[in-house]
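Participant: Below, each chain spelled out in residue letters.
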Amino acid sequence: MECNAEDRRGEQGCLMVNYSNADRMRRGISTLMTTLTGLCTLLAVGALLIILFYIAYRGIGSLNLQFLIDRPRPVGEGGGIGNAILGSLVLLLISSGFGLPLGICVGIYLSEIGRGRLGNVVRFIVDTLTGIPSIVTGVFVYAILVLPMKHFSAFAGGVALALIMIPIVARTTEEMLKLVPHSMREGALALGAPQWRVILGVVVPAAAPGIATGAMLAIARVSGETAPLLFTAFGSRFFPESLNQPIASLTVQIYNYAISPYDEWHAQAWAATLVLMTLVLGINISVRFLTRKKF
Amino acid sequence: MSASKSIRLVACFSALTLVLFSIACNGGGSGSGSGSVSLTGAGATFPNPLYQKWLSEYSKLHPNVKIDYQSIGSGGGIKQIKEQTVDFGASDAPMKDEELKSAPGEILHIPTVLGAVVITYNLQGISKPLQFSPEVIADIYLGKIKKWNDPKIAADNPGVTLPTADITVVHRSEGSGTSAVFTDYLSKVSAEWKEKVGAGASPSWPVGIGGKGNEGVTGQVKQTPNTIGYVELAYAVQNNLPAAHIKNVSGNFIEASIDSVIAAAADSATSTPEDLRVSITNAPGAKSYPISSYTYLLVYKNQKDAGKGKALVDFVWWGIHDGESFAKELRYAPLPADIVKRAEAKINSVTANGTALR
Amino acid sequence: MSAVTENDKLGFARQYSTWRRALSPTGNTGDAVFRVLMLLVALLMVGIVVAMVIALAADSMPSIRLFGFGFLTSQVWNPIKGDFGALPFVYGTLASSLLALLISVPFSLGIAIFLVEQAPTYIARPVGFMVELLAAIPSVVYGLWGIFVLAPFLRVYIEPALAKLLWWIPLFSGSITGIGLLTGGIILAIMVTPIISAVVRDVLTAVPGSQREAALALGATKWEMIRVVLVNGAPGIAGAVILGLGRALGETMAVTMVIGNRPQISLSLFEPSYTIASAIANEFTEATGDLHLSALVELGLILFLVTFVVNGIARILVWNVTRKTGGVSRAA
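Protein chains in written order, with my numbering: chain R, 1 to 295; chain A, 296 to 653; chain L, 654 to 985.
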């Protein structure tokens with residue numbers, strides 16, 4: 001049954017006669033590519049599940065309440081990662097306290113204010129900062145904070161992590177701010193708002209979910225960092241008491257357990273990894289929830 | 296998201312962490328009033344499990360002394376003690392003369408326990424432990440012996456059918472005290488190794504793939520057939536790895552065990568210099584295991600703070616006496632008696648502002 | 654008679670107004686304060702980087718003085734003999750990062766496109782979370798997983814298959830141990846994918862719907878519409894790739910566990926290799942000789958330079974692409 005121009009849309013048994021081979025080819029490519037993208041996602045999710053399964057399989061046995069609130073103990077006596085969880089939270093708080101505001105400010109500068117050569121130079125430098133191995137950042141903070149103070153401290157650890165966070169947050173903030181349509185800025189300016197109010201009150205909130213993505217990526221990244229903490233926060237067997245002393249963290253503890261000879265400690269390392277990922281997931285979900293767009 | 300909302304978010308999070316913090320401070324710590332001392336130490340990864348046990352046991356006896364030890368590597372321990380960012384350091388290999396000269400004060404080496412480097416392998420169908428003479432090991436790691444059924448290996452293992460496969464050599468990829476001890480041994484038994492490669496924590500390996508840490512090497516060896524590698528004794532025992540018997544200076548093929556390591560130290564005691572910095576690889580003695588080594592604690596002879604110094608020497612004294620009882624169950628070899636005596640003399644010589652602390 | 658003449662007052666006012674205009678084109682004091690604050694923060698960043706470079710250069714002076722330019726061309730790395738050269742590490746860093754990007758960018762784009770254009774919200778949200786979760790796995794864990802799961806898998810299934818089919822390409826020659834450049838590149842690709850895909854997702858979401866509707870109205874297939882969206886978001890996508898590249902260049906722990914850590918230059922992907930970050934991580938804590946330490950610091954300095962150069966090339970490429978396609982105005 002032939003179709004006429006009016007009923008081309010999906011009549012049962014209606015034969016679409018006017019499509020050329022080129023059209024079919026285009027449609028075929030479209031279907032192929034869309035299937036490929038689905039496959040890519042499947043592969044990525046698959047990789048994550050494989051890794052998660054492996055972590056869970058090796059670590060779930062050691063996960064219990066005692067593990068979560070106790071301090072580390074020598075081999076054979078159990079022990080836990082309570083102080084490490086707290087230490088990681090404290091380090092995240094310090095580093096986010098420095099890193100997020102500074103990073104967002106740099107992003108605002110790059111997107112709204114710093115056009116022209118100075119802006120390009122700053123952008124270039126921030127890009128370079130993303131490529132520095134975390135161990136180099138750790139050694140740098142060691143040289144400028146730990147050596148003069150003559151002791152390791154949580155504060156130095158936080159600063160090292162902040163230096164890793166800032167370029168990530170800055171670049172994503174810049175990209176997200178650039179994507180806010182000019183019409184929003186022009187509208188606010190036309191209503192008489194000064195530029196700083198436009199930026200802080202209109203543009204940044206409009207880009208908030210994107211900025212939150214950058215913040216989450218940065219937090220996820222630094223929560224998995226070990227090397228810089230070895231030279232700055234150092235690690236501890238005790239619960240944190242002051243920001244001026246060494247402090248434990250989940251990643252350093254995982255690293256210490258993972259390279260030891262004892263299966264019991266290996267299992268604890270895997271269990272601690274599960275806890276770490278739950279922590280990051282929790283932060284991720286809560287910040288996403290609070291920055292969601294409601295309109 | 297409005298400004299007030301973000302402020303609320305930040306305030307929430309900070310409040311939460313402060314609450315946790317205060318709970319921890321009240322519940323976990325003993326509070327630092329007068330009378331409580333904190334010490335920090337850093338260094339070798341090899342004795343870390345034992346030191347953690349020591350710290351835990353010691354704090355049961357002396358709850359007002361809080362000691363932290365982090366295993367960042369022997370080189371790290373030496374660096375930090377020189378920079379005085381920690382109160383004591385730990386190193387597998389003793390410090391070299393130039394390093395001691397460049398330190399701000401005199402540093403004492405106190406041996407604590409002994410360890411051994413074990414040669415492990417992955418071969419199908421071999422039931423008894425393989426035997427190696429020193430030159431064979433050196434030649435394998437130099438790349439001169441390439442196949443498992445090489446006549447030189449067969450000569451050490453009469454009656455054993457060796458596979459015809461190529462040997463895949465595994466070594467440590469990062470700088471480590473274990474590599475330092477192993478290459479120190481190889482330099483002593485092979486002039487070619489000494490000339491081509493030398494001894495140190497990060498040698499330039501002629502052949503082989505690198506695994507990260509004992510875990511990396513063990514993982515490689517366990518999973519790849521026809522491999523050979525070297526790991527610490529504790530590691531080999533924990534993972535049930537086959538360990539080769541190695542021919543020592545007296546010509547006996549010795550198995551790596553706590554007793555054979557103690558024998559190596561005891562039989563070297565007479566040749567151990569006064570400052571206790573010594574290498575005991577290829578030690579004399581019929582029962583000595585050839586690849587053994589000390590591990591040391593590094594302390595300043597003149598302590599700046601009398602309170603901290605006293606706590607430190609008391610801890611180290613306890614370590615080389617009562618602490619040794621925990622060594623064997625964790626697969627470390629305790630010090631032989633005469634070395635303990637000499638270490639005691641060292642500890643007694645530590646002073647603060649001129650007065651001895653013990 | 655006042656000492657300040659009318660002329661003086663005029664001159665002063667002119668200077669003052671020039672400054673005011675520079676600080677705040679809008680004439681608003683709040684704006685001036687804001688701009689100065691932002692500028693200060695940005696300069697702080699520049700200052701930190703400059704301080705880092707100076708610190709790195711100062712600490713690598715002994716090595717620079719001894720080896721000079723030969724450091725960049727020498728392939729020897731012998732801490733015991735005191736002979737150091739950076740070429741194998743530069744090769745390993747560039748090769749592993751390039752491999753990681755080659756694998757990761759198509760995948761990340763695919764993931765982002767799927768989640769933004771095709772998946773319904775109830776799938777896109779949780780799946781998006783899961784992909785971002787990959788970024789939270791500590792690199793140590795990636796390394797351990799690489800040793801225990803990925804390397805044996807590659808050694809038993811993938812590498813022999815590649816060697817059988819493509820043995821005539823030098824990329825796939827060499828002994829098969831599961832540990833080498835290919836494993837390192839794949840692990841890096843997995844680590845870099847969440848970053849690139851998360852940022853590209855946000856970029857694609859921000860492309861105005863009018864672009865999509867216009868393309869579809871002109872008769873484009875779904876894929877052609879997606880291409881339009883991609884071109885629209887090209888600068889943002891480039892930014893995402895640069896972020897991912899940064900991560901790949903600087904990644905330490907995971908790579909060092911699976912790349913074999915052998916300072917050699919080999920065309921084969923199966924052979925072990927060595928990156929700058931791995932070398933620093935492996936040897937920094939154990940290095941006690943001053944020359945060794947300064948050689949390692951010089952490696953860090955070279956990584957800085959490599960990042961500069963790579964970023965510069967990337968920027969030029971992006972500039973050329975956006976020039977040709979004209980970019981798309983974001984007013985809408």
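Worth flagging that the hints you see were computed from the coordinates, not collected in a lab.
A couple of the hints might just be wrong.
Heads up, simulated SDA-like pairs for lysine to any residue below, C-alpha to C-alpha not over 20 Å straight-line [unchecked claim]:
1. L:734 <-> A:493
2. L:875 <-> R:32
3. A:603 <-> R:153
4. A:396 <-> A:582
5. A:423 <-> A:536
6. A:582 <-> A:550
7. A:517 <-> R:262
8. R:150 <-> A:398
9. A:623 <-> R:153
10. A:355 <-> R:75
11. L:875 <-> R:31
12. A:355 <-> R:73
13. A:377 <-> A:360
14. A:542 <-> A:451
15. A:377 <-> L:712
16. A:391 <-> L:734
17. L:817 <-> L:806
18. A:396 <-> A:419
19. R:178 <-> L:712
Participant: Are the hints correct? Go through all of them and say.
Facilitator: Comparing the hints with the structure gives:
Of the pairs offered as hints, the one joining residue 734 (chain L) and residue 493 (chain A) holds, with about 8 Å between alpha carbons and a cut-off of 20 Å not exceeded. Using a Cα cut-off of 20 Å, the hinted pair residue 875 (chain L) and residue 32 (chain R) holds, with the two alpha carbons roughly 11 Å apart. For a cut-off of 20 Å, the pair hint linking residue 603 (chain A) to residue 153 (chain R) stands: about 19 Å separates their Cα positions. Using a Cα cut-off of 20 Å, the hinted pair residue 396 (chain A) and residue 582 (chain A) is violated, with the two alpha carbons roughly 37 Å apart.
Pair hint residue 423 (chain A) plus residue 536 (chain A) holds up; C-alpha atoms about 12 Å apart against a cutoff of 20 Å. For the hint pairing residue 582 (chain A) with residue 550 (chain A), the CA-to-CA distance comes to about 9 Å; that is within 20 Å, so the pair holds. Restraint check for residue 517 (chain A) and residue 262 (chain R): satisfied, since their Cα atoms lie roughly 16 Å apart, inside the 20 Å limit. Among the hinted pairs, residue 150 (chain R) with residue 398 (chain A) is consistent with the structure: their alpha-carbon atoms are about 15 Å apart, no more than 20 Å.
About 35 Å separates the Cα atoms of residue 623 (chain A) and residue 153 (chain R), which puts this hinted pair outside 20 Å; it is violated. For the proposed pair residue 355 (chain A) and residue 75 (chain R), the alpha carbon gap of about 16 Å is at most 20 Å, so the pair holds. With a CA separation close to 8 Å, the supplied pair residue 875 (chain L) and residue 31 (chain R) stays within the 20 Å bound. Among the hinted pairs, residue 355 (chain A) with residue 73 (chain R) is consistent with the structure: their alpha-carbon atoms are about 12 Å apart, no more than 20 Å.
A threshold of 20 Å between alpha carbons decides the hint, and for residue 377 (chain A) with residue 360 (chain A) the separation of about 23 Å lies outside it, so the pair is violated. A threshold of 20 Å between alpha carbons decides the hint, and for residue 542 (chain A) with residue 451 (chain A) the separation of about 9 Å falls inside it, so the pair holds. Annotation: proposed proximity of residue 377 (chain A) to residue 712 (chain L) holds, straight-line Cα distance about 17 Å (limit 20 Å). Under the criterion of a C-alpha separation no larger than 20 Å, the hint pairing residue 391 (chain A) with residue 734 (chain L) is consistent with the structure, at around 15 Å.
For the hint pairing residue 817 (chain L) with residue 806 (chain L), the CA-to-CA distance comes to about 16 Å; that is within 20 Å, so the pair holds. Proposed proximity of residue 396 (chain A) and residue 419 (chain A) is contradicted: the alpha carbons are some 51 Å apart, above 20 Å. With a C-alpha separation of about 39 Å, the suggested pairing of residue 178 (chain R) with residue 712 (chain L) is violated against the 20 Å cut-off.
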